[in-house]
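Protein chains in written order, with the working numbering: chain A, 1 to 240; chain B, 1001 to 1302.
Source of the hints: derived by calculation from the structure; they are not laboratory data.
Among the clues, some could well be false.
What the hints assert, rightly or not - Under 10 Å between C-beta atoms, here's a sample of chain B residues computed to sit facing chain A: (1) G1024; (2) E1061; (3) A1266.
Think of the CB as a built atom: it goes at the ideal place given N, C-alpha and C, for glycine as much as any other residue.
Residues per chain, in single letters:
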Amino acid sequence: MKRELLTVKSNRKLNESVFELVLTGASPMRAGQFAELTAEGFFLRRPISLARYEDGEAVFLIRIAGAGTAKMSLLEAGQTVDALTCLGNGFDVSANAPLLIGGGIGCAPLYQLAREFGAKGVRPVAVLGFRTAAEAYYLDEFAAVADVTVATDDGSLGVRGNALDAVRAANIRFDRYYACGPAVMLRALAVGLGNGQLSLEARMGCGFGACMGCSIKTVSGFKRVCKEGPVFEASEILWE
Amino acid sequence: MNLSVDFLGYKMKNPVAAASGTFGFGYEFAEFYDINVLGSLSLKGTTKEARYGNPLPRIAECPSGLINAIGLQNPGVEKVISEEIPRLATVYDGKVIANVGGHSVEEYVYTASRFNDCDKVFAIELNISCPNVKGGGMAFGTDAKIAQSLVYSVKKIVKKPLMVKLSPNVTDIADMARAVADGGADAVSLINTLVGMRIDLRTRKPVIAVGKGGFSGPAVFPVAVRMVNEVCKAVSLPVMGMGGISSAEDVLEMMMAGATAVQVGAANLVNPYACKEIIEALPAAMERYGIRDLKDIVGACR
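Given these sequences and hints, build the entire structure.
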């Protein structure tokens, strides 16, 4: 973990609910890690997954979920953001034929993961699920680094259905999957696809292991989403 | 300039301790800085058996603070003594406070007395005010007679100095302080969190899974100062003051209210360097207000 004062390089809306915040001055982070970003006027920081990192530049794709993230969506170039960076464990990037599965804002960390696979000469398959076409984002960026299948709940873009439906319909060959999205989706993947790596989301107090606000039950005891996670083996999670 | 204070026979190099539940078992923070700068720290609330705590979500945001409902997650007293404290000892030379929770008199007595031979611990902080544990916890902290009898039972067995952590969720906290003093407490610490609740407008349900939790952070600081002041006037025991402290000035204010030492809690969660920064800022703040020795200002505001 590092505490860093980052500078906003750019901030733009990707759709009605998701914005792309580009921050400079960040220490190196890897796919699956997250940062705790300050929202001005709010007590707790917001835990946000890394979507891309390159040469001190960290990109965060943020869904406006409440007043704090709405405030962050108004940040302008040149402003600073007090951040705790390099939090969490990250994905393992070990597969030879990786399948990335994202749901909603959970697609964001998979973009950096696809880039890291690309750096190893591996082009992953990515199945990106959204509720509707208007909520999709970063499709061109993903297409540059992965073979992409899009699924929407209402069929307005790509195949109709959820990400797991799309994985099955496309009959994708893979040796390991990596997923991030709503808990209900991750649980369905753990049941339907067996073991893989899941990046979990949780309301956090601190983000660095002190408050026990985000502990989950696993086969090897209690683990903190922020510290031992947010990436867990699907097989180790004891679902509530 | 003297920052050191004596608390229950232990010389703290400065009056700032990290508060229980916001600092893990200490070694987590040693990744960020040398925690030997601390006056002391109060360990994560410990019970007889390991506890997972409450379902998620356990955290809700508030203006200038947060609500937590962790539910005393901890590995149980045996592991705390055999694993957590030895690990802490590799990064911290000073002595610490063991925070003890429970559901019954027997459990409190058992857990507190397990620290009898633990050299690393200079005092027990009896948590009779956790709002997040059903069927115990706070019941001990909101009924003066029950509190007094619990303290009496623990004091008979425990060898370490006994500090009792008081709940602000009472009509008259001075009454509670008098009750635990009569029960044999050597010190009191206050305030624990205030019971609070947030509601999600979309789901129309509480944000916290178990409905409510403990509210802390800078927002509660004025309440804490008032209660510390009332308790100091009511009893002659040393007081460890806490509740929303986030700056060196807050430390001075809490000590003027009557606290001999303080704990910093919620501030650690948004700034892992909070305790270190507050301690480093103390000499300049003392200089600004003409304070040579911190002991001189304890209870200065009567």
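> Is the shortest C-beta separation between E1061/B and chain A less than 10 Å?
Replying inline: For E1061/B, the interface hint holds, since the closest Cβ of chain A sits about 5 Å away, which is under 10 Å.
> Taking the closest Cβ pair, is A1266/B under 10 Å from chain A?
Replying inline: The hint holds - A1266/B has a Cβ within 10 Å of chain A, the shortest such distance being about 8 Å.
>> Let's test the interface hint: is any C-beta of chain A closer than 10 Å to that of G1024/B?
In response: holds, 5 Å
Violated hints: none; the structure is consistent with every hint.
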